[in-house]
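Peer 1: Sequence:
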Amino acid sequence: MIRRKSCTYLVVVLFVGINLFSSLGLSHGSFNQSSEQIESLAERGYFYGYCAYDPSGQHLQGPVTFDTPYNIVSLGPGICPNFLSCADVDTMGNWYGIDYAGGLYLIEFDGTMTFIAPTIGMQGLSYNTETDNWFGCSGSILWSVDVTTGASTIICDFGPSLFLCDIAFDYDNTLYGIGYDGEEFFLCILNYTTGEATEIGPLNLYLFFDAAYDRNNGVLYINGKGNNDPNAFYTCDIFTGECILVDYFEGDMDVDGIMVPYTLPFLIAEFAWTPTNPGAGETILFNASMSYDSYGYITLYEWDWDNDGVFEESQSRPTTTYSWENPGDYTVTLRITDNIGDTAVKTKILHIINHPPLTPIIYGPTNGRVNIGYPFSLNPVTDPEGDSMYVKWEWGDGNNTEWLGPYASGQTISETYGWTHPGVNEIRAKLKDAYGAESNWSDPHVMTIVDNSPPDSPDITGPVKGKPGTNYLYVFETVDPEGDDVYYMIDWGDETNSSWLGPYNSGVQKSAGHRWNQKGTYVIKIKAKDIWGSESDWKTLSVTIPFSHGIPVSSFFDWLFTHFPHAFPILRHLLSNSGKEYF
2 MIRRKSCTYL VVVLFVGINL FSSLGLSHGS FNQSSEQIES LAERGYFYGY
52 CAYDPSGQHL QGPVTFDTPY NIVSLGPGIC PNFLSCADVD TMGNWYGIDY
102 AGGLYLIEFD GTMTFIAPTI GMQGLSYNTE TDNWFGCSGS ILWSVDVTTG
152 ASTIICDFGP SLFLCDIAFD YDNTLYGIGY DGEEFFLCIL NYTTGEATEI
202 GPLNLYLFFD AAYDRNNGVL YINGKGNNDP NAFYTCDIFT GECILVDYFE
252 GDMDVDGIMV PYTLPFLIAE FAWTPTNPGA GETILFNASM SYDSYGYITL
302 YEWDWDNDGV FEESQSRPTT TYSWENPGDY TVTLRITDNI GDTAVKTKIL
352 HIINHPPLTP IIYGPTNGRV NIGYPFSLNP VTDPEGDSMY VKWEWGDGNN
402 TEWLGPYASG QTISETYGWT HPGVNEIRAK LKDAYGAESN WSDPHVMTIV
452 DNSPPDSPDI TGPVKGKPGT NYLYVFETVD PEGDDVYYMI DWGDETNSSW
502 LGPYNSGVQK SAGHRWNQKG TYVIKIKAKD IWGSESDWKT LSVTIPFSHG
552 IPVSSFFDWL FTHFPHAFPI LRHLLSNSGK EYF
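Converting from the sequence shown to the working numbering requires adding 1 to each position, the first position being numbered 1.
Not one of these hints is a red herring.
In silico DMTMM-like pairs for lysine to aspartate or glutamate, Cα to Cα no more than 25 Å straight-line:
| # | residue 1 | residue 2 |
| --- | --- | --- |
| 1 | K466 | D495 |
| 2 | K540 | D485 |
| 3 | K433 | E395 |
| 4 | K528 | D492 |
| 5 | K349 | E326 |
| 6 | K520 | D495 |
| 7 | K349 | D171 |
| 8 | K347 | D238 |
| 9 | K349 | E283 |
| 10 | K528 | D485 |
| 11 | K528 | E496 |
| 12 | K393 | E416 |
| 13 | K347 | D305 |
| 14 | K433 | E326 |
| 15 | K511 | D486 |
| 16 | K528 | D460 |
What the hints contain is simulated information worked out from the structure, not anything from laboratory work.
Assemble the whole structure, with the sequences as input and the hints as a guide.
Peer 2: Set out below in structure tokens:
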């Protein structure tokens, strides 16, 4: 639940039974503190807030100070008619607060509270040291607040899904927000230029009261409570949002409108890098020349590259280079030292980008037939960091592959696929590297698939009888139903074949010759296939080798004597005169 700080928390000014500690020795009566006074306050680490109610039965209302949550000291009986919801202090030590009724107050370090002007009831108030402007929040809206008149102007609206409970600028003027989404409180970074809120992580608190940023020490403090816990003071990890208990407030004290005094440092460590979004293995230039020393000069720049507390690099110049081989988040710390030995540090998180592989291009056929596999390949794609890659294919018919691989960077990637139904299919492919960075999908490669029927069984004609060793010519022909070019294969029946002949136009006669060297009967077989690989059935032709053209002698004489019975004496006479004996 959101703890809405309203007039229901109002109590009268009572100092009953509370142990007030000795004065802090603050300079009262002067609201604009001197820089020496403010510096002293900041060095002593005191926090300031408005105490509203002590659930243990001890009542107190007015400004308080504490060095620990269990050591609360009243500054004086300052009166706020309604609950003070938020407060902060500017570089001059001016302490402002706003209550939920919309009253803007000037709070002095002697406990005096002076009403300045009505404004809008806000949950958060914070000062931007760079622009010298005050910002406030209510609901999802960020306001610019004029602390001299109370006038408020809308800067941006972060949208209905974000309820801002408080805001706090750090010294670099990064604006942090405490959001609530109806279920939990969480830390976020607010970009008031774009109106975008980036969630960091949950606070893991049951109730949230207030937030304050210690600009000198770089610590975000949270006032709230966990389940069944007393009111407590926490530090908040600005990288995760996790709240770590400092201590419980004295007597379960209800303290709000907390702020931390600070001083403008004279020695500032600062650095930047180029490129701003570096990749793995890329050389990065770090530049600390924006660091400055108001009273001297910087003599030493030291760099901790791996967040181990050891500064691996030390030099007198403000620039250096470094690189990381693997993508990820890396903590970089700069420490500077000036000519009198003073030091300052700056820590930043550097994100090494894992660049995805380039978008692949598909190569392969654009037309085909059903039930035939076709090869497709990607252009040799290299990963920017040289990482191995995986590929995923979408075949356009509802069938997709899982991630296939890995493949070496620069390798040609190929895959074969066939479609079982005709249609127009858009093939796409994408790559991802070993760290999970994915390329864009490739442009579609259009593949048109049509039905395919095999050619008719071919006709073959030619001699069916012959002599051994003689070459005979055979003519063959077939028709493909789709008019595709065709190939022929002839099995000559003697354990030899022609292999695939062609391609030839459909319906055009072709010929091939063959000789058989042995007597016998041979069965010629012939079949055809189209350019898509669909084959016809076999067709056959029987051939006998050898064949004799003479008439048998016995058959001739039977015919002769049957038709010419008186021819035998004449034949014998003729043959005897030849000098040879036949009968």
